[in-house]
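Colleague: Position chains B, C and D against the provided structure of chain A, taking the given hints into account.
Residues per chain, in single letters:
4 protein chains.
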Amino acid sequence: MADYVYGPGRTHLFVPGPVNIPDQVIRAMNRNNEDYRSPAVPALTKTLLEDIKQIFKTTTGTPFLFPTTGTGAWESALTNTLSPGDRIVSFLIGQFSLLWIDQQQRLNFNVDVVESDWGQGADLAVLDYKLRTDTSHTIKAICIVHNETATGVTNDLSAVRKILDKNRHPALLLVDGVSSICALDFRMDEWGVDVALTGSQKALSLPTGLGIVCASPKALEASKTAKSVRVFFDWKDYLKFYKMGTYWPYTPSIQLLYGLRAGLDLIFEEGLENIIKRHNRLGTATRLAVEAWGLKNCTQKEEWFSDTVTAVVVPPYIDSSEIVKHAWKRYNLSLGLGLNKVAGKVFRIGHLGNLNELQLMGCLSGVEMVLKDIGYPVKLGSGVAAAAAYLSNSTPLIPLARTDQLQ
Amino acid sequence: MADYVYGPGRTHLFVPGPVNIPDQVIRAMNRNNEDYRSPAVPALTKTLLEDIKQIFKTTTGTPFLFPTTGTGAWESALTNTLSPGDRIVSFLIGQFSLLWIDQQQRLNFNVDVVESDWGQGADLAVLDYKLRTDTSHTIKAICIVHNETATGVTNDLSAVRKILDKNRHPALLLVDGVSSICALDFRMDEWGVDVALTGSQKALSLPTGLGIVCASPKALEASKTAKSVRVFFDWKDYLKFYKMGTYWPYTPSIQLLYGLRAGLDLIFEEGLENIIKRHNRLGTATRLAVEAWGLKNCTQKEEWFSDTVTAVVVPPYIDSSEIVKHAWKRYNLSLGLGLNKVAGKVFRIGHLGNLNELQLMGCLSGVEMVLKDIGYPVKLGSGVAAAAAYLSNSTPLIPLARTDQLQ
Amino acid sequence: MADYVYGPGRTHLFVPGPVNIPDQVIRAMNRNNEDYRSPAVPALTKTLLEDIKQIFKTTTGTPFLFPTTGTGAWESALTNTLSPGDRIVSFLIGQFSLLWIDQQQRLNFNVDVVESDWGQGADLAVLDYKLRTDTSHTIKAICIVHNETATGVTNDLSAVRKILDKNRHPALLLVDGVSSICALDFRMDEWGVDVALTGSQKALSLPTGLGIVCASPKALEASKTAKSVRVFFDWKDYLKFYKMGTYWPYTPSIQLLYGLRAGLDLIFEEGLENIIKRHNRLGTATRLAVEAWGLKNCTQKEEWFSDTVTAVVVPPYIDSSEIVKHAWKRYNLSLGLGLNKVAGKVFRIGHLGNLNELQLMGCLSGVEMVLKDIGYPVKLGSGVAAAAAYLSNSTPLIPLARTDQLQ
Amino acid sequence: MADYVYGPGRTHLFVPGPVNIPDQVIRAMNRNNEDYRSPAVPALTKTLLEDIKQIFKTTTGTPFLFPTTGTGAWESALTNTLSPGDRIVSFLIGQFSLLWIDQQQRLNFNVDVVESDWGQGADLAVLDYKLRTDTSHTIKAICIVHNETATGVTNDLSAVRKILDKNRHPALLLVDGVSSICALDFRMDEWGVDVALTGSQKALSLPTGLGIVCASPKALEASKTAKSVRVFFDWKDYLKFYKMGTYWPYTPSIQLLYGLRAGLDLIFEEGLENIIKRHNRLGTATRLAVEAWGLKNCTQKEEWFSDTVTAVVVPPYIDSSEIVKHAWKRYNLSLGLGLNKVAGKVFRIGHLGNLNELQLMGCLSGVEMVLKDIGYPVKLGSGVAAAAAYLSNSTPLIPLARTDQLQ
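Chains as they are written, first to last, in full-length UniProt numbering: chain A, 1 to 407; chain B, 1 to 407; chain C, 1 to 407; chain D, 1 to 407.
No lab work stands behind these hints: they were computed from the structure. Keep in mind the model is a prediction, meaning the values are calculated, not measured. Wrong hints could be hidden among the right ones.
Copies of the same chain are indistinguishable here, so a pair counts whether it falls within one copy or spans any two.
Claimed, not checked - Straight-line Cα separation of at most 30 Å, DSBU-like style, residue types lysine-lysine; simulated pairs: (1) Lys329 with Lys277; (2) Lys372 with Lys341; (3) Lys379 with Lys296; (4) Lys240 with Lys218; (5) Lys218 with Lys130; (6) Lys325 with Lys240; (7) Lys243 with Lys341.
The shape of chain A in the complex, shown without the other chains:
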């Protein structure tokens, strides 16, 4: 049972996914397989499908727990709602939106790409123009990444909805919420999102393996006529088994189901709103540290600041991939690389999922040491101090409810 790397103590995992798994979830998954056709697994599944809707803030949506990754969830969202040749407006603002667009093109949609500089949000003025001028409703869907993980940019989805409404445009709104849902404010019903999706290894803090897709009634309706070829990712098979009460058209991961159950229990115990606030605290603290180090945030405007990932721009004389490599080899710290257009130029700090203040402080302190080691004239302690000044006033007490009840 070799482990393929060794350093004393805990690894500090600060990539923007996969993220740290709570011990309670690791424990819940520590189990043998079970027969998924027994009465127990459908009973468990039923609670999961019901409860996961709270994470999406939907009461009318229908969730699907695909045994896949975010990439598969993308494919499921697209192929169930659209037909080959359909016109899509899609925003290119970083590596992950780029990959989704690549998928859209390979699935033979007619992709109308709206590009922004990496570090900027989706260009909603262009969207407004396109919708306004699309009087014949050739645009079948808007595809947008809520939080671009490569640049740390959060798009304003409520604004997208307003533009759609203003133009009375019936296009479907498909949202990649992979690095946002369960960490950032996300409101499927209120914002009229038609398909929202995430992956288990992001803010839900589970292992990789569940691509979670939630479809609005309008999306379900669209799926009845969508002509894209699909089998594994087809919602229809799931809906058939939902009706039968057995839930699974093929074998689910028993471990992930129990893990999701434990994860949801933790989420509801902390409270989704508290979780969103915690991400805001950790994101703000990180940005204050970056500022104190004299470095720039890749995100160009405050309105786009992401509370789940911060992409830090390094000076031209430093290769950001050296920072990532050095952090791993010397401090057992995993940071995110700069990708594609920003490769070598940024490194990324993921601050999402089941994470607390002192874990982040350990990371920020590590980044300071790495910056110093690599030759950047950082003042040691500066970023940590800036973050601490902010956090020491804003961190809530551990709730003692259960403990107190016992006393």
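Modeller: Positioned in the frame of chain A, the structure of chains B, C and D alone reads:
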């Protein structure tokens, strides 16, 4: 962390998948996430891709570890090698071959279905005829399930290869090895299999979540021109990342990678040939018990007997689903239901994966009690005695090598 | 992380301790250390101390969770209540009562040993005589093993109490309940037991590491004047920390505390009375199998039959240790050796703890195969059939309460 | 499976024991019980007894793995080597030496207490005087705590040995190495230590449950005539089972044996000398932080500075227990309380066991925030900066040997 059913002691899991996970694998998977872009995960992945080939008995094949299930592995095999409209010969002999054929049809192939009675193997005479008369090579692929899990029928793949060779037909040979590979004799290279696939939760004895697909050089070549739409399941993306040495086009499950490593270590320690022999012992013992109970094997001829699953035919006055239900509720024993055409008529005993003799005896003893409880005039002890008489002469000693080395 | 033996599938653990741990408990223990001086650990401890009393059937007793084994629990029971030179009446009926007597002698008590043949229970007539004639109350304590694990003999504790009462004798009643408490009927308060003790690895189905001692008010009173030297095992230190609400005079095992919590939750869910009934079912089934094999129970009268362990006498031409060795090497089955006087003459089947019917059937079937392999003319299936005939009418259904609540 | 406290993210465990358990050890312990009389457990035990000697730096010592805590290990060391009434010289320098002395007195030894101020080391001048004047060798043993966990004072054991040798005094040297062995430089053979002991939950980074005692040949010889009453802690029973090759006089914890195996494997992989250096780095960094905060180390001279625990003196207007309470409730950070004489006056940072630089930085950053919250005029970032300045030059790279071998 509620468990959704409770009975004292261990659950006896005897469905033909998902199967029992060895403790060593459960332990190996009991871990936090890791950055899959660190140097450690690619190093681990490299060993997995190399070693998994031994399970397929191939030196020339290229394996892919998709984060999916067997259904996804099917889709990957088909879409990477074929184009819409391509003619496929496909054998319908039970529920799982039926589902694969359904997928083939929905993926817009021209499926030439060769049907047998459920309980019989693939009709190879018809295959011979079709190939012989297909002088213009309109048949692009033969799709065959090595072991039909619904009926306990194992097809003779070497015979399929011989028929292809005899007719000098270039059709690809695509094999579903979901309930065979790593348990039954399977020889990818020797039998000229072009795509073979399995799922992690079957004979590999892992949780669900890996769809393992292995492609021959001929299949890889075919993938360059295959026009089926695919993104998530596309081999091309994997091959690109293989070349870069980072291996993963999207996020893998860290836990399943370490679990697969531990599982392969166990497999190599026991020896693949010993594992195949063990499955033969357990399969034979089960069939002897069934015979002693005076019940029929759904499999109609000995040449098709499966060493991984036995479908037992019940008398007409018994509903086999009552047997399955009763086994679960009274004896904490999971058996397989009869599916589709044989629903109510057969129940299934899965005897694959990391399993030993006394586990099987517990199951057989449980089946006897269930049969008695449900009103079938079984002689208690009869099946167990028949199995024991066979096993007590054939069970090998636990190898003590490691222990002895320590003394 | 080498495992020091390897055979495919599960090990069948049927020694009379340590016993199989439920998966729920293994999961609960799968955790990091914690500060035992935080508010959380005392809150947890408080629930454990309260709840463990139900297992002893006491409301007035004071429990102590020593980080030790049963041997240490013995020492704690003796040294806290007695002074060197004190006269004890102690029953020698097998290896474990022998070891306790050895300890009593080494601790400088004046041990009045009442010996029976191995296979018989405590000679209560002698006890009656001794108490009746001890008008000056020189006897300070009666020490008795409730269930002698070496011979499978259960003593009648209520009869002991009656004899004490009849003779109005104030001697303390110290009971080793190591292989009885939480499996056999045990009533601390009703039977006037002054110190009762058990170990975590027995019927509680935990790992070894907790020696659980429960003291009556009379025993606590005695501890104030007992002159035996003790520090680690001293109740006084515990009582001091109980008062302070921090509970632990030295570091407890965090993992065992959480494990005990999970174990108690399971016990209360099944119900202590149901657990006792289950042990009676499994014990009866085992005895029926032994009878069907034509072998003798080491326990000489039905009134002493133990529902937690059965010692099986083998014919003189067989060495019982060969049976144990062979079971382990060929069938991955752990049976108990014959000890001391009955070494080579008996082997033992432990049927206690978190265990169910089909697990036992696997064991019984394995014993049959071993007997056959070793040359005993057993009829294969005979013992299993006898056990099955009894169990198939008496095994209760898995309660579905929780599952049903969810539906 | 309730957890008795909840806060998001990892708990930061910085008490000086129990300490953080490496994931590899948690995994190794995640298992069912086993029969300890099978061939496998003795084979495993043999490797443990052999390998543990390296941790003590002894080739001639005999180790015992008692299922107990450090308090039990103390008792084993004393009762096996001494007789009631024997004169012992024992050093009182803090709470743990005080508790040991209390035990010595309760075990009826004639304890000659040499007291120092809390914060100072053992007064070796007094020892020298006592030994010099003890020409009739009434002193049978010197008892000394290597590292006093309450004050963060490390005593100079080689100096003790020199004083014994200089005075040609035959007294036994008994050493509590609970918070030193496997973290600080400790040399049993070279320093002529007769009994050394530690607990599993300290630098070995396991759960509580093993009291590890190592006896020199001279100590073993003394045990033959020592008249202290002992049974559970008696070395004689162990030695008897060592000879038989079955090793255990009573049931060991299977989980702790596998855990110790995994722990030793990790220790040897990092290298004991590297581990000692790592503790020196972490200790030095902590002391630099304390200095930067303007606070005093409870340890009064540099020669006594402990690399495993730092006791920090707070200003008179602050109650140190408020710091500990606040750290836990607001930052999920466990610090050590001040004990007894220094209660309210010091808090303690444990920096021992499987721990790395960034974990410590998270802790130091947390302490800064707590100090600020509690009203101490700390400069945020100051301690972290001082520690980082030191560590960024001294932290070694993660060895990639295994990974590289795979590439």
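Colleague: Could you work out which earlier hints the structure fails to respect and list their numbers in ascending sequence?
Modeller: none
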